[in-house]
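Participant: Following the hints, position chain S against chain W.
Protein sequences, first through last, are from chains W and S.
Numbered according to this note's numbering, the first sequence terminates at residue 616, and the numbering increases by one at each position without gaps.
Numbered according to this note's numbering, the second sequence terminates at residue 508, and the numbering increases by one at each position without gaps.
One thing to keep in mind: the hints can contain errors.
[Stated by the list, open to error] If you want the footprint, here are the derived chain S segments under chain W, 3+ residues with CB under 8 Å:
#1 317–329
#2 333–346
#3 349–355
#4 360–368
[As the list claims (entries may be wrong)] Selected chain W positions facing chain S (Cβ under 7 Å, derived; list incomplete):
#5 LYS337
#6 THR486
#7 ALA493
#8 ASN497
#9 GLU499
#10 GLY505
#11 ALA509
What the hints contain is simulated information worked out from the structure, not anything from laboratory work.
This structure is a prediction, so every number in the text was calculated from the model and none was measured.
C-beta: ideal position from N, C-alpha, C; glycine also.
Below, each chain spelled out in residue letters.
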Amino acid sequence: MSANAATIDVGGRLRGHARQLVAWRDSGIVVAFVVLFVVLSVSSDVFLTKTNLLHILDQQSGILIMAAAGTLVLIAGGFDLAIGATFALSGVVAAKLAVDISPWLALTAGMGTGLAVGLANGLLTTVGRVNSLIGTLATGFIIRGLAPIVTAGAIITVSGASAPDFQTLGNGHLLGVKYTIWVMAAFVGAMWLVLSRTTLGRYIYAAGANPEAARLAGVRVAAVRTGTFVLSGLAAGLAGVMAASTVATGQPGAGAGIEFTVIAGIVVGGTSIMGGQGAVWRSVLGVLFIALIDNGFTLLGLDPIYQRMAQGAIILLAVSIDAWGRDSR
Amino acid sequence: MGDPRTHLHVRRLSKRFGVIRAVTDVDLEVRRGSIHAIVGENGAGKSTLGKIVAGAVRPSAGEVRVDGRPLLARSPRDALRLGIGTISQEFALMPTRTVVDNVFLGTERARAGIVRRGELRARFEALRSRLGFALDADALVEGLSVPDCQKVEIMRALARDASLIVMDEPTAGLSAHDTERFVEVVKELAEAGTTVVFISHYLAEVLALADVVTVMRDGRVVRTAPTSEETPDSLITAMLGRPLDTAFPPRTPPRPDAPVRLSVRGLTRAGAFEGVSLSVRAGEIVGLAGLVGCGRSEIARAICGADQPDAGEIEIDGCRVDPHCPRDAIRHGLVMLPESRKEDGLMLGRSIVENVTLPHLASLARLTLIRRSAEERTARESMDRIGVDASDLRRHADTLSGGNQQKLLFARWLMEPPRVLIADEPTRGIDVGAKHAIYELILALAERGMGVVMISSELEEVVALCHRVLVVRDGRIAQEIGGADASVDGVLRTAFSVRVPAEATAA
Chain W
288 MSANAATIDV GGRLRGHARQ LVAWRDSGIV VAFVVLFVVL SVSSDVFLTK TNLLHILDQQ
348 SGILIMAAAG TLVLIAGGFD LAIGATFALS GVVAAKLAVD ISPWLALTAG MGTGLAVGLA
408 NGLLTTVGRV NSLIGTLATG FIIRGLAPIV TAGAIITVSG ASAPDFQTLG NGHLLGVKYT
468 IWVMAAFVGA MWLVLSRTTL GRYIYAAGAN PEAARLAGVR VAAVRTGTFV LSGLAAGLAG
528 VMAASTVATG QPGAGAGIEF TVIAGIVVGG TSIMGGQGAV WRSVLGVLFI ALIDNGFTLL
588 GLDPIYQRMA QGAIILLAVS IDAWGRDSR
Chain S
2 MGDPRTHLHV RRLSKRFGVI RAVTDVDLEV RRGSIHAIVG ENGAGKSTLG KIVAGAVRPS
62 AGEVRVDGRP LLARSPRDAL RLGIGTISQE FALMPTRTVV DNVFLGTERA RAGIVRRGEL
122 RARFEALRSR LGFALDADAL VEGLSVPDCQ KVEIMRALAR DASLIVMDEP TAGLSAHDTE
182 RFVEVVKELA EAGTTVVFIS HYLAEVLALA DVVTVMRDGR VVRTAPTSEE TPDSLITAML
242 GRPLDTAFPP RTPPRPDAPV RLSVRGLTRA GAFEGVSLSV RAGEIVGLAG LVGCGRSEIA
302 RAICGADQPD AGEIEIDGCR VDPHCPRDAI RHGLVMLPES RKEDGLMLGR SIVENVTLPH
362 LASLARLTLI RRSAEERTAR ESMDRIGVDA SDLRRHADTL SGGNQQKLLF ARWLMEPPRV
422 LIADEPTRGI DVGAKHAIYE LILALAERGM GVVMISSELE EVVALCHRVL VVRDGRIAQE
482 IGGADASVDG VLRTAFSVRV PAEATAA
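Bound-form chain W, shown alone:
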């Protein structure tokens, strides 16, 4: 992050019609989401059914969990590209322990793995002063390499006595809604609460908005940033365990490239990649917006060739609005 350039010439930039653009960014995702939702409701019979909507939420639950925590990382001025690999490692650790020892210990250990990875990433990028984009890219490679070592190169299938318990998290229902959705809602709600209502949330915004000013105002910027990575790692661990539980297998190759889907969702929602601005609810809308496009392509029978292109175009639009909002005169 070119913090120097930003601090030297941050001046009176966010002014005037730039402000209007920012206002557009503020409401843009809401408008876009509502429009897409209405269009899909009208053009497809299947879209607006409980089954389809719950299916989307279930499919996206892991992404939403990681995006909620990732929002905190981005706002505090960091990037976490290691979440895809952490997702996989947590899944295989959980599957392995479920087979070897006990399913409940397995779920806990899987999340613990994510938490530990997050702590390592946080310390590396704050105390170790490694740029978080590059640092987590590198640790992502390392962790991705660890996963097949845990499984001895194979896919671990959880079967036998421990299987029913292990699969409960990913397949059980409460009041007609899958556990994964309840867990996602609880985690996302917790992240929203932390960011928008707590002192830690304010410190996260401050660390991203102006780290030196935050430090001089008594904010422990390094600790705050490390905290966001811990939460992000925990989120990846939880999502990885949920995925492993759903399919009752631990796959070292799981979640390849999922970090980009997560960051895309966060950015499309309107959280700034420069830090200091954003919100958890935005990332929820951003992730779901991309999911609705995918869902729409399937339901309307559109050529899936264009699906990726549409996603790319939308991400470009989102970051362009962020850039114009910052720098326009």
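Facilitator: Same frame as chain W, now just chain S:
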């Protein structure tokens, strides 16, 4: 549009930012080769006007004519091609490049795409000796102090051989010596036919330098008149719309039995300052004066934990503290208003209320959940005490004028009044009205028993406000002058004296 002597002609110019009218119906005629000053309070629209002329901001209505032709500058680059250069208040420098690279950015002469470094170096040396600036050509800009960045910005504008230069607060942060030299160069430029639009808070400078002065208030032109017809008082009255008591408010001496609030002994940071000892009593205002770059800001930063000293002891109310980080210092009741508000003080893109309450969140929260109504209430109370307009606490800090931004920082640190306040350049870039308010504020704080350390380049204010003045030279405290005996002259003499023992320090 006949008069060929008119270089720049602005007609019925308006600029709105959303609902805010920055500039309204401004007419301005600037003659070729003249120095045309624009003065006004912060937020009067001077800088916006300057930016429009320089092509950095597009007007909402009206037109700008240069040499009788409408200016269609869509970018600073366009403006530059039309011979319009800028010295901006907000530096637009590349931090990771050298001074030379920054000075000649965009004007490098190249042969087959290869920059001719030798020629650049020669041009740089010529420019530097003309200005008399001490500046290392190969230093990286990110390592430069604020005043040195200002010098780079000035040299860049001059390197571009513009026929019209817009200067927005060019001397803010320059030392007295550099300012003097710069003023001479501006005069030479004008004599050689360059037109200068000179935006400044320093009225003495304006009156000494400019041919014509335009006064702005609330986005409109109050009047334009030859400088010879104006005085500092007439300008201030026009800027404020009312006369102002320009005398410094009276200071009350600390009680003779007042306890020592802050005591520093033998503070040393290699390469910055050495063996600094000072003490501040309750109710006392101690000034740190000296040339820019003498180490006074570094001393302040070390005292409040922003930088780590190599040696020395710090006591607050008799207790040894030695802060390892700003957080430590704040917990002990020692706070600092930093030299640069925007870089080290404010979160410009966050709301006013968040900026005010940031260091006090712990006391405004229950189980880490922030009580938002209590937060707004205390922030508003603190701002009311300081006298900042707090109508909308959710506005971003960057919507405030420079003076109000500074008051916002005062409001932040006075929400829970500290025991010791260190104010580094608290009045830099602030208009006269706001300055006076800040003087009164500092005096009132001292009267209530706070110990205050004040750093300022404006010696008049140091001399008038401080009970004692410590003159810093080459990272050491060269002399202590009692408030009654302090004079601008005396401080300057000590600050400039180059290690001539005995007489210089005794004088």
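Participant: Counting residues of the stretch 317–329 of chain S with a beta carbon closer than 8 Å to any beta carbon of chain W, are there 3 or more?
Facilitator: The restraint on the stretch 317–329 of chain S holds, since 3 of its residues have a Cβ under 8 Å from chain W and three suffice.
Participant: How about W/GLY505: closest beta carbon in chain S under 7 Å, or not?
Facilitator: holds (4 Å)
Participant: Once the shortest beta carbon distance from W/THR486 to chain S is found, is it less than 7 Å?
Facilitator: holds (4 Å)
Participant: Under 7 Å is the threshold here; is the Cβ of W/ASN497 close enough to any Cβ of chain S for the hint to stand?
Facilitator: holds (5 Å)
Participant: Do three or more residues from the stretch 333–346 of chain S put their C-beta atoms closer than 8 Å to C-beta atoms of chain W?
Facilitator: It holds, with 6 qualifying residues against the three required.
Participant: May I ask you to test the interface hint for W/GLU499 with respect to chain S, counting a Cβ-Cβ separation under 7 Å as satisfied?
Facilitator: holds (5 Å)
Participant: For the hint on W/ALA509, just tell me whether its beta-carbon gets within less than 7 Å of chain S.
Facilitator: violated (10 Å)
Participant: How does the coverage statement for the stretch 360–368 of chain S fare against chain W, requiring three or more residues with Cβ below 8 Å from a Cβ of that chain?
Facilitator: holds (count 4)
Participant: Are there three or more residues in the stretch 349–355 of chain S whose C-beta lies closer than 8 Å to some C-beta of chain W?
Facilitator: holds (count 4)
Participant: Under 7 Å is the threshold here; is the Cβ of W/ALA493 close enough to any Cβ of chain S for the hint to stand?
Facilitator: holds (6 Å)
Participant: Is the hint on W/LYS337 kept, meaning its closest Cβ partner in chain S is under 7 Å away?
Facilitator: violated (34 Å)
In terms of the numbered hints stated before, the structure departs from hints 5 and 11, listed from lowest to highest.
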